[in-house]
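**Student:** Chain by chain, the residues:
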Amino acid sequence: MVSRLLECGDQRAARIVAALPTDGDGVLDPLAVDRLMISVHTELQRLREELRIDDRLVHVLGPLFAAIRATAGHGGPFRLVDIGSGLGYLVRRLAATRALGPDVELVGVDLDAALVGEAGRLARAEGLACGFVHGNAFDLPEAATVYVSTGVLHHFRGPALADFFRAQAASSALAFCHFDIAATRLAPIGAWVFHRARMRHPLGRHDGVASALRAHSDHTLLSAAEVPGIRPLLYEPRGMANPFCTTLRPVLGIRPHLEEPLRRALGRASRRLVGPEQLAGTAR
Amino acid sequence: MTPAPALAALGLMDAAFSGFRAYAGRDARIRKHRAIARAALRGLAAGAVLLLAPAITAGGVLLIADDRARAYASLADGGIGYLVPLVVYAAVVLLSLAAYFVLPFRASTLAVVVGLGPLTLLRPLALGIACLGALVHDGGWTSLLVGAVAGVAVLCVEPLVHRRWYAEVLRPPSG
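The listed protein sequences derive, respectively, from chains Z and D. In terms of my numbering, the first sequence opens at residue 526 and continues consecutively. In terms of my numbering, the second sequence opens at residue 418 and continues consecutively.
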């Protein structure tokens, strides 16, 4: 892994990995890696709490579920699946505040077993009505009504980004809403300041800046989300929002019949919701 | 008028925030108001002990001074020079905090991004400016010494509280 990171030119990441505990054969100690991942994600949760990411999500998801209820023809239950849920902060927070209503089941899914285990333990400790699953979000036995994520999209590069949206469009889900770092010139500087000020481990500090540098542009996100059966929308694109106020913003994909009720539910805020045809006029 | 009470109050307030920062990012529970309050109290306690260092330094300066009245006046002048930059810094922090708690989430993000985050990194700089203020405001080298000791003391609160109570990576959800 160290040599691969060096090949990629990421010497700092190589140094961080080289400092992790290994066995006699140079294989990373899995327990130490799990503990480190949980530790870094706990620090990351602190940042999410401070930046009120849950408020930001509810601001969009509340109207989205209102639109779904208005058009569903049944009273639920509906299912929200958080892809790459990590320690499950958003799902646990939504469960604690019941911000989306009692008819929304909350599920977090992650490929990292240690994070899923810790998320479940935290939810049980606080008696929160939500579940966590280790595995692929698209292989769940019960379908999602809405897929969400925060800080996941920048991990997908090239065709993988469109594939990610295509998988959701091919499912029976009615919508997806993925928050990611707004790609502005300030983002890497802001990420450095905050990860330096708030995170202790070098891994978290380095990853924060690397993630900001990898953030997708508005145009890239909307283009990738333009898949059959889905109306791609961007909330608070770069040209319409103060970059100091909008550190993360979502790309949405909704079934076309939901657009009108969603705009109605958003009210005045619907002016911040743009499709590909409007993005050209707001990008500058 | 002696600036000592105001400086002590500022130092203790900073210590309480340092206690919070030492704890923050070590507990992934959702409901943790009591744990936050406990961390702030731990910071306050550690700060109260550490801030004895500048008080003892100031006492020592007065004890060895030939002219204690003059030495006291010099420390008082330096203390005012030390206090002014810190009051400005504290006012900006408190304004950012008020904005964070009172304003809607977009504006509160602004308060965090341009205020609370960068201001945390600027604490050593604020203390450096305060030391300079002590020196140039007729405080002399003795005020600079007391100010530097106080600066080191407040900067030590967060790492000390963190190491004493929050260094363990995985914490069981108790309390």
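Simulated from the structure, these hints should not be mistaken for laboratory data. Beta carbons are placed, not taken as given, at the ideal position from N, Cα and C, and that holds for glycine. Watch out, some of these pointers could steer you wrong.
What the hints assert, rightly or not - The following label-pair restraints were derived from C-beta to C-beta distances:
1) Z/G792 <-> D/L469: 27 to 35 Å
2) Z/R529 <-> D/L549: 57 to 65 Å
3) Z/G792 <-> D/V504: 24 to 32 Å
4) Z/R649 <-> D/V504: 40 to 48 Å
5) Z/S748 <-> D/L539: 33 to 41 Å
6) D/R451 <-> Z/G683: 44 to 52 Å
As the list claims (entries may be wrong) - Which residues of chain D face chain Z? A partial, calculated answer using Cβ under 8 Å:
7) L429
8) G442
9) F522
10) A524
11) V531
12) G532
13) G534
**Student:** Starting from the hint 57 to 65 Å, judge whether the C-beta atoms of Z/R529 and D/L549 obey it.
**Tutor:** Between Z/R529 and D/L549, where Cβ atoms are some 48 Å apart, the hint is violated.
**Student:** Does 24 to 32 Å hold as the CB distance between Z/G792 and D/V504, or does it fail?
**Tutor:** violated (43 Å)
**Student:** Have a go at the D/G534 hint: is there a Cβ in chain Z nearer than 8 Å to its own Cβ?
**Tutor:** This interface hint holds because 5 Å falls under the 8 Å limit.
**Student:** Between the beta carbons of Z/S748 and D/L539, is the distance compatible with 33 to 41 Å?
**Tutor:** Since Z/S748 and D/L539 have Cβ atoms about 40 Å apart, the given range 33 to 41 Å holds.
**Student:** Using 8 Å as the Cβ threshold, decide whether D/F522 counts as touching chain Z.
**Tutor:** holds (4 Å)
**Student:** Using the C-beta atoms of Z/R649 and D/V504, is the stated range 40 to 48 Å upheld?
**Tutor:** Check passed, 47 Å falls within 40 to 48 Å.
**Student:** Does the interface hint hold: is D/G442 within less than 8 Å of chain Z, judged Cβ to Cβ?
**Tutor:** holds (4 Å)
**Student:** Double-check D/L429 for me: the hint is only fine if its C-beta lies closer than 8 Å to a C-beta in chain Z.
**Tutor:** The hint is violated - D/L429 has no Cβ within 8 Å of chain Z, the shortest such distance being about 22 Å.
**Student:** Against chain Z, is D/A524 within 8 Å by beta-carbon distance?
**Tutor:** With Cβ-Cβ at 7 Å, under 8 Å, it holds.
**Student:** Is the shortest C-beta separation between D/G532 and chain Z less than 8 Å?
**Tutor:** violated (10 Å)
**Student:** Does the CB of D/V531 sit less than 8 Å away from some CB of chain Z?
**Tutor:** This hint holds: D/V531 lies near chain Z, its Cβ roughly 6 Å from the closest one there, short of 8 Å.
**Student:** Verify the CB-CB distance for D/R451 and Z/G683 against the hinted window 44 to 52 Å.
**Tutor:** holds (47 Å)
Comparing the model with each earlier hint shows violations of hints 1, 2, 3, 7 and 12; every other hint is respected.
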